[in-house]
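J.: So you can see what is in the structure, the chains are spelled out below.
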Amino acid sequence: MENAMKTPPAQTWDDNVVLSVEHLTMRFGGLVAVNDLSFNVGRGDITALIGPNGAGKTTVFNCVTGFYKPTEGRIVMRHGKGLQADRIEALTRTGRQFDDDGDDRVFLLERMPDFEISKRAKVARTFQNIRLFGGMTALENLLVAQHNPLMIASAMTIGGIFNLPGYRKARAEAIDFAAYWLEKTGLIDRADDPAADLPYGDQRRLEIARAMCTRPHLLCLDEPAAGLNPRESNELNELLQYIRKDHDTSILLIEHDMGVVMQISDHVVVLDYGEKISDGNPELVKNDPKVISAYLGVDEDEVAAVEESIDMPVIHGKTKPADNGEGGQS
Amino acid sequence: MAAGLVGVLGFFFLALRTDIGTGGLDLTYRWGLWFISIAIAFGGRLLLNLFVFNRAKPIASGIKISLPAGAISAGSRVLGPFLLLVALTLPFIVMAVYPDRDRQFIDLAILIMTYVMLGWGLNIVVGLAGLLDLGYVAFYAVGAYSFALLAQYFDIGFWMALPLAGLLAATWGIILGFPVLRLRGDYLAIVTLAFGEIIRVVLLNWYDFTGGPDGISGIPKPSFFGLDFTRTGGFAEFFGIDYDSIHRFIYLYYIILLLALITNFVTLRLRKLPIGRAWEALREDEIACRSLGINTTNTKLTAFSIGAMFGGFAGSFFATRQGFISPESFTFLESAIILAIVVLGGLGSQIGVVIASVVMIGGIEILRNLGFLKEIFGPDFEPTQYRMLIFGLAMVLIMVWKPRGIISSRNPSAVYKERKKIGSDMVAQGEGH
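These protein sequence lines map, in sequence, to chains A and B.
Quick note on the working numbering: the first sequence kicks off at 2 and runs consecutively.
Quick note on the working numbering: the second sequence kicks off at 5 and runs consecutively.
Here chain A stands alone, though its shape is the one from the complex (with noise of 0.2 Å):
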C-alpha cells in the first residue's frame, strides 16, 4: 500500500499543498460549528474528512465552497506547485480575492462568491442529499456543468441564436466531454433519461459525473458513499481511484463508512465538536486514542491517561508543521 511509504515526518500533503484551510472558524450565533481548524490537502491525495455526526464536516465543505462565509480564518486553493507563501501572503493584503498571473493561480476563497470559486478557482463539489437536476436528463445535466466555457463559445448567446460555426464546435466537444464522463461512470445508456428516474447509485454517480465536468482542480464529495450497496461502494472506490490518477484532480471527501475511508485515502482529518482531533495517513488515525475515543466514547480521563501513555508526541508533530508553514505567518 502506498500508504505505507507516507510515514509521519515526509507528509507530502505539507509540501505540495492544493488547498489548505488556516485557521477556520465558523460561528452561527452564539454555536461555534468550526473552531480554529487547520489542515492541508495534498495535491493528487484523497484527503478524508471524518468525525461522528455535527462535528462540523459539512460546515467545512460548505465554507471551502463558499456556501457559507467563515467567521475567521484562511481557504488558499493553489493552481500552480509549490507553497507559494510570500505570494499568498502579498494576496492576502491586497484585499483581491485571486492572483492568476501566469499559470501558477493562487485563490482566497473565503473571499469569492460561491459560483466564482466553481468558475476560477476550480473547486466542485457534491452534496449529501444528492442535488441533480431532476427533470433533465443525464447528459443535460452535464452540459449545465460545462456552461462557463459554453457561454463564452455562444459568444454570451448571440453567437448561438445565429448558430455560428464556433458554437456549433464547442457544442459538440462539450457532449463529447461528457459522454466521456457518461461512459466512466457507466451511465451512458441512461444518457437520454431524465436524472430523476436514476436508481440512487447511479445518481450518486452522475453527480459525481457533473462535477468532474467543470474540470475542477478538487473534487469534493459529500458522504459519496452513504446510501451505497458494497458492490456499488466499491465501484465508486474504482472511480475515485481512477479521477486522481488520470485526471490531476485532487478528491476532499467525507464519508462515514470507515471502509471506504480506510481503503482509498492517503490522508485522514478527524474533527469532533468542529475541532481538529487528529490528522495523518489511516493507519496512524485508525489507532489514534483521540478518536477511538470520539467514535466510542472514553472517559475524559481514560482520554487523558491513554494519550500520555501512547505516541501523542507524533501527532502533534503532524499538526505543528502545518500551523508554522501556513498559518504561523498570517
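Mixed in with the good hints, there may be bad ones.
Claimed, not checked - As a list, the in silico SDA-like pairs of lysine to any residue whose alpha-carbon atoms are at most 20 Å apart:
(1) B/Lys425 - A/Asp190
(2) A/Lys185 - A/Glu233
(3) A/Lys123 - A/Asn17
(4) B/Lys425 - A/Arg191
(5) B/Lys424 - A/Ile189
Simulated from the structure, these hints should not be mistaken for laboratory data.
Start from chain A and add chain B according to the hints.
T.: Structure of chain B alone, referenced to chain A:
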C-alpha cells in the same frame, strides 16, 4: 370501508389543493365565482373520488391518471407545423369562409396572437427559469407607453419605436430583477405583483407626462414600408387594389404573427443554448447551479429582461393596434390571464401556450355568442352573464385532468442517442409555485 376512508381523506387533500390553484386564478374574476368554483371543485372531486379513487389507491396515483400523454406529444410534432400553416393563411381562410364577419374574426385572431406572444414571453420567466412573475403586465405597459410617448413627444413611427420599447421594457426587467433576485418562493410572486401595480399607479397619477386616467390617444398606425393604410395615396392605391379597411387588420395580424414567431424562434433557440439550459437548471435546483459555477444572479436577470423585452414588443403592438391606451388596460387581471395561459398550456411548452390562448381568449369570445343556450334555458337566460362561470369551470376541469397543463412533458434540450419526453412529475416547478 378503507376505500371510503381514503376517499374522504384524499378528498379533502385534493379538494383543497384544487381550490388553491383555481382560487389563485379565479381571484381575478369575482369572489362569488371563487366560491362557486370551490363548490364545483368539491363536487368534481367527489365524483372523481367515487369513480377514480374507490379502489383505495394512494393519492399520488390518482393525480397521474389522465389521458395518455403520448397521444398529445406525438401529435404535437404534427401540430406545430399545422398550426403555423393555419396561422399564416388565417386571414384568407376567414375572408373566404365568413366574408361578412371577417373583420371581427381577424380582430379576434390579432387579440389571440397578442396573448400567444405574451404567453411565450412569460413562458421564459415562469416556464423555463421557474420564477413566478405576477406582474408581467408591467412590461406590457412599459412597451405600450414607451411607444405611445415616443410617438407623442418625438413623433417616432411604430417600426422605430418597437426596438426602443423592447429595450426599455428589458431595462425595467433588469431594474425589477435586482430586488427580486434575493427573494424566493411566494415572496418573489408578491414583489412582482407589487411591481406591476406600481407601474400602473405611476401611469395613472403622473398626469402631466402620461395623461393619467385619460390615457394617450392618436397613437400612429404602423406603415407598410412607408405606405399608410388610408383611403387615398396609401397601400391600396400603390398596389392598385380597391381600398378596404380590412387590409389594415390583415397587416396588423401579420405584424403580430411575425413578432410572435420571432419570440418563439428565439425562445426555442435559447432553450438549446447554455443560457436556456441554465434557466431550466435554475428552475430545478438553484444551489446545484451555484456549485457548478453558474452566476445565478445574471442568469435570472437575463430571463427577466428577455421575457420583459418580448412583453414590451407586444405592448407597443397593442398600443398601435388600439390607437389609444390608458392604465386601465394594464390591470392585474391581464397578468393573471397571461399567467393562466402559461400555466394551463403547460410550463415551458410553446404549443401549450398557443392552445391555451386560443381556448382562453377565443373561448371567452365564443361564450359571448351562445345563442342556443337561450333556447334551452328560455328567453330570460343571458349566456354572457354566465360565461365567466363556464370559463372557470373549464379551467377547473383542465387543471383536474392535467394538473401540470395541457402539454406537460418536457423536451430535452440536448440528445445523445434517442429523444425521450420527460414526464412532468420529474420536472420541478421552480420558485413561487
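J.: Assess, step by step, whether the Cα of B/Lys424 is no farther than 20 Å from the Cα of A/Ile189, and give holds or violated.
T.: holds, 15 Å
J.: Between A/Lys123 and A/Asn17, is the straight-line Cα distance small enough, at 20 Å or below?
T.: Holds, at about 17 Å.
J.: Would the hint linking B/Lys425 and A/Asp190 be met if the CA-CA limit is 20 Å?
T.: Answer holds: B/Lys425 to A/Asp190 is near 16 Å, not above 20 Å.
J.: Do the alpha carbons of B/Lys425 and A/Arg191 lie within 20 Å of each other, as the hint requires?
T.: holds, 13 Å
J.: Checking one constraint from the list: CA of A/Lys185 to CA of A/Glu233, max 20 Å. Satisfied?
T.: Within the cut-off at roughly 14 Å; holds.
In summary, this structure violates none of the numbered hints.
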